[in-house]
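Number of protein chains: 2
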Amino acid sequence: MSETDSSFPARPRGAAREARKARRALPPAAPAFLTRRLAPYEILDEEALLRIEQQADQLLEEIGMEIRGDAEALELWRRAGATVREHCRVHVPAGLARQLVSASAPAQFTQHARNAARSVEIGGRHSVFAPAYGSPFVTDLARGRRYGTLADFENFVKLAYLSPWLHHSGGTVCEPVDVPVSQRHLDMVYAHMRYSDKPFMGSVTSAARAADSIEMCRLLFGGPFLEQHCVLLGNVNVNSPLVLDGEASRVIRTYAAANQAAVCVPFILGGAMGPVTTAGALAQCFAEATFCVALTQLERKGAPAILGNFLSSMSLRSGAPTFGTPEPALAYLAIGQLARRLGVPLRCGGNLCASKVPDAQAASESANSLWPAFLAGAHFVLHAAGWLEAGLAMSYEKFVMDVDQLGAFHTLAAGLALDENAFALAAFREIGPGRHYLGAQHTLQNYERAYYEFELADNASYEQWSEAGSRDQLTRAHERWQKLLAAYQPPPLDAARDEALRAYIARRRSVLPDQIS
Amino acid sequence: MSETDSSFPARPRGAAREARKARRALPPAAPAFLTRRLAPYEILDEEALLRIEQQADQLLEEIGMEIRGDAEALELWRRAGATVREHCRVHVPAGLARQLVSASAPAQFTQHARNAARSVEIGGRHSVFAPAYGSPFVTDLARGRRYGTLADFENFVKLAYLSPWLHHSGGTVCEPVDVPVSQRHLDMVYAHMRYSDKPFMGSVTSAARAADSIEMCRLLFGGPFLEQHCVLLGNVNVNSPLVLDGEASRVIRTYAAANQAAVCVPFILGGAMGPVTTAGALAQCFAEATFCVALTQLERKGAPAILGNFLSSMSLRSGAPTFGTPEPALAYLAIGQLARRLGVPLRCGGNLCASKVPDAQAASESANSLWPAFLAGAHFVLHAAGWLEAGLAMSYEKFVMDVDQLGAFHTLAAGLALDENAFALAAFREIGPGRHYLGAQHTLQNYERAYYEFELADNASYEQWSEAGSRDQLTRAHERWQKLLAAYQPPPLDAARDEALRAYIARRRSVLPDQIS
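In order, the protein sequence lines correspond to chains S and Y. If you're matching positions, the first sequence starts at 7 in our numbering and goes up one per residue. If you're matching positions, the second sequence starts at 7 in our numbering and goes up one per residue.
The following block holds chain S by itself, in its conformation from the complex:
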């Protein structure tokens, strides 16, 4: 099912000039996506997996899932064999949703980037890391917490472009609240196109904005290319429990109809939008996501789609959402197995945390979220960089700290090298007992590539560190992102396409009202 065609779309005009510019573009400093030699970590046996699938089937058949305000989606389900009662509640015969997904949704697909070297494989043995998504606030050490602006949005697109371990430019990397809501999507999609050449996500707040996102991709990639290839993801939340509102279902169908990939994400905080026990919330999550991915296939057989999972816990003291807890970790591992059985790519995890600052709490919670996502074999890891404060704020410092962590998982994913050089028998013979390896020939030949080194880790002695100002990681991260942004150079973009995009945006802006919210 894998698309492996990574050829750049045909160029409409200015091909020679664009080719010159492309040659000037730097090659990616790291692989375009992560490929794992390590198998995922499996914690459930066949019987357990069957029980969860059966419970998910039962939820869809007996309780049903409502689609509120999308008659066409209801009709698609009716024709597929579901029963619709009480106007909008879809009761799906046991197993049908899973069958619809297994029958035609691709287990792996390529999301093409405008720089073909940046195209990513989503599914199989691959993982794609994307920045955090959707925060109204941004924060940094010097300026503090404030509403996000388009300038912040562009900064995060630039930082993602500059980060070797982020494979994806993401979507709403922060809300640019200085732009009217009705026009915001145009500026966001344009920023991804202009300031990065990595793959990105389109708008999902309405079907019309999703259509705008797709139209802009048609201008960037060319219409025929877009028809045949996935160039855009749209991240759509389910209104858990067991409701898909009509706008969301139309957005899902808009992406699918254009052969673009909807990421279908149940949003469940246990005890609020689902049961407080993990197995129940997990079965619900799997039922809702499978239902939505099945809808993509009813809209267009073979359209790419991603099974999403955003499942977390809550504080017993306050009811606030909590992150990095062990229950969601177990749910990640379980849903990884379920997604592989179903044969559809999985989104889960990220560097999630509840902390208000990029301190030890933020780092622990993030690691406790990223490790299980990695172990679960998650194919698309949204919120992999910058996430702070339960997703309410995007942090400049946390962004570069998270990216540093993502790098290490590339080494982990590659597993243990077991060739002759790795075993180093000649070095043992050279050195023998009781002597050190610092000057050994084998050490000199290998040390430069031997270990992953965190950019933002300080490994100096206490004395050296004190002399340099006793700076913690947060302080060093503040310096780091500013340096990165100062050195930013945009990737080349064909002037004619840029002009076409700008003209499209101007035209749309003129007909869209300046809605503030």
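Heads up, a few of these hints could be off.
What the hints assert, rightly or not - Far from chain S, some chain Y residues (derived; all Cβ distances over 10 Å):
hint	residue
1	Ala-77
2	Ala-122
3	Leu-147
4	Tyr-153
5	Ala-214
6	Gln-234
7	Asn-243
8	Gly-349
9	Leu-499
As the list claims (entries may be wrong) - Taking CB as the label site, the calculated pair distances span:
hint	chain 1	residue 1	chain 2	residue 2	range
10	S	Ser-324	Y	Gly-101	56 to 66 Å
11	S	Glu-81	Y	Leu-450	31 to 41 Å
12	Y	Gly-101	S	Glu-53	36 to 46 Å
13	S	Thr-211	Y	Ala-492	51 to 61 Å
14	S	Ala-157	Y	Pro-170	43 to 53 Å
15	Y	Arg-515	S	Gly-325	51 to 61 Å
16	Y	Arg-455	S	Gln-451	53 to 63 Å
17	Y	Lys-489	S	Pro-142	31 to 41 Å
These are calculated hints, taken from the structure and not from any lab test. A virtual CB, placed ideally from N, CA and C, is assigned to each residue, including glycine.
Got chain S sorted already, so can you dock chain Y onto it with the hints?
Quick look at chain Y alone, frame taken from chain S:
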């Protein structure tokens, strides 16, 4: 091979009074040790494991391992079939070291605590978490970094006693540098006995100090009990590469001869004490540790022992040791598999870090070290709390932050509950689509035990958190350990045994010179 006898040792006198005191002692707030329903994460296949074993065999046979200054140990190896050349280099026929271990070392054993409810199982499906070990410095937010004292030592013993997720009191929780080196071990062992009732570790700096530690255990537990049961661990470092100094080998033999458990730990920073490539360093580590565990069996067949692993990476910029990197993580996972094949308990991991402060770096590095230790199925996790600055400093704040993290792994280890209550079908029927679960009967019945909650995580809103002083986790941790210490109450200790211990210490102190170092 498991010892399951958890009966308290026979009381020499004052039994009735002690029984009354024991009844006043609080029951442990958490299990005495972690038990896992999740299987370890395995990354190597049979062929890969055989290759590492073969390389380890070849290192011991061809290169050999030196024992410098312990003629008895050399003689034990000679009699077992090894060849000794160049005075002290032991060449072990391929496979012999592993055979000696497999033949008689217990795969699981009980380390008894003076409070039987605190005895721990080491091996099998169990993990035991112990505090960090060996730092000359201590640090806290108010007083800063300074040399450790006996008062600090006692504080950390008390904090470990009060921490529900630490199963073990550890050993040299910091160096009490205000006590002469020659007498320090007496005060350290006594502090573990007096201020905690969890299991602990004895001295390993010389065979005489190891013997003192064992003698003191004889007084606490009774001689006949000690002869039959493991009550003491001794953590012995190998002088990697491929050297065991005579003092270390005598300490190993002293513990084994008394039926107490030596933890045999190669100390390898890749590129310095072993090859810079992980497979080579791993094979070396496995060879050295197996050699030492085999020595325990040559000394006393069936003596408990633990296969250790302290393998880390180094900075390419400075040559400083680095922690939380992916290469040691892979080595943990591999050695977990090797230890299970060999049938001997494994020590690895901990909350290791290179950071000089308990900041985000410290937390990330620690999580990146603890996760693979957990996944590897490590049975004894030393350095699980307090470790800072590559082990040079013990941090009060990091200690309580680490303990908080350890708690979560208990939930993770238990795996996903898949019973009827967990699936919550009745709750789905009660709530249906589009309504929340906050007031559902199922939520009310389950929410108190539903989620692990980190003591030191702040999950409040930004506004609440700001009003409360915008405190990061480090600041909250500073408050936490002080509150814990203020509320500390010692566990009851039989006065006669206490007196006997004090008399022994006074006697030994009178004959030991006041060596400063």
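#### Entry: Tyr-153 of chain Y non-interfacial with respect to chain S [C-beta, more than 10 Å]
Consistent with the label, Tyr-153 of chain Y stays out of reach of chain S, its closest Cβ about 13 Å off (over 10 Å).
### Task
Just double-check Ala-77 of chain Y for me: nearest Cβ-Cβ distance to chain S has to come out over 10 Å.
holds (18 Å)
### Supplied distance hint 31 to 41 Å, evaluated on CB atoms of Lys-489 of chain Y and Pro-142 of chain S
Since Lys-489 of chain Y and Pro-142 of chain S have Cβ atoms about 36 Å apart, the given range 31 to 41 Å holds.
### Task
Return holds or violated for the Cβ distance of Thr-211 of chain S and Ala-492 of chain Y against the range 51 to 61 Å.
holds (53 Å)
### Message
Given a hint of 43 to 53 Å, does the C-beta separation of Ala-157 of chain S and Pro-170 of chain Y actually sit inside it?
### Response
holds (48 Å)
### Query
For the pair Ser-324 of chain S and Gly-101 of chain Y, does the Cβ-Cβ distance stay inside 56 to 66 Å?
Distance hint for Ser-324 of chain S, Gly-101 of chain Y holds at roughly 59 Å.
### Query
Leu-147 of chain Y clear of chain S by more than 10 Å, beta carbon to beta carbon?
holds (12 Å)
### Query
In terms of Cβ atoms, is chain S entirely out of 10 Å range of Asn-243 of chain Y?
Nearest chain S Cβ is 14 Å from Asn-243 of chain Y, so the label holds.
### Task
Confirm or reject the statement that Leu-499 of chain Y sits farther than 10 Å, beta carbon to beta carbon, from all of chain S.
Leu-499 of chain Y is indeed farther than 10 Å from all Cβ atoms of chain S, at 36 Å.
### Query
How does the Cβ-Cβ distance of Gly-101 of chain Y and Glu-53 of chain S compare with 36 to 46 Å: does it lie in that range?
Holds, since Gly-101 of chain Y and Glu-53 of chain S (Cβ atoms, about 39 Å apart) stay within the stated range.
#### Entry: CB-CB spacing for Gln-451 of chain S and Arg-455 of chain Y relative to the 53 to 63 Å hint
holds (55 Å)
### Query
Would you say the C-beta atoms of Arg-515 of chain Y and Gly-325 of chain S sit inside 51 to 61 Å of each other?
Holds: the Cβ-Cβ distance is about 57 Å, inside 51 to 61 Å.
This entry satisfies every hint, going by the numbered hints stated previously.
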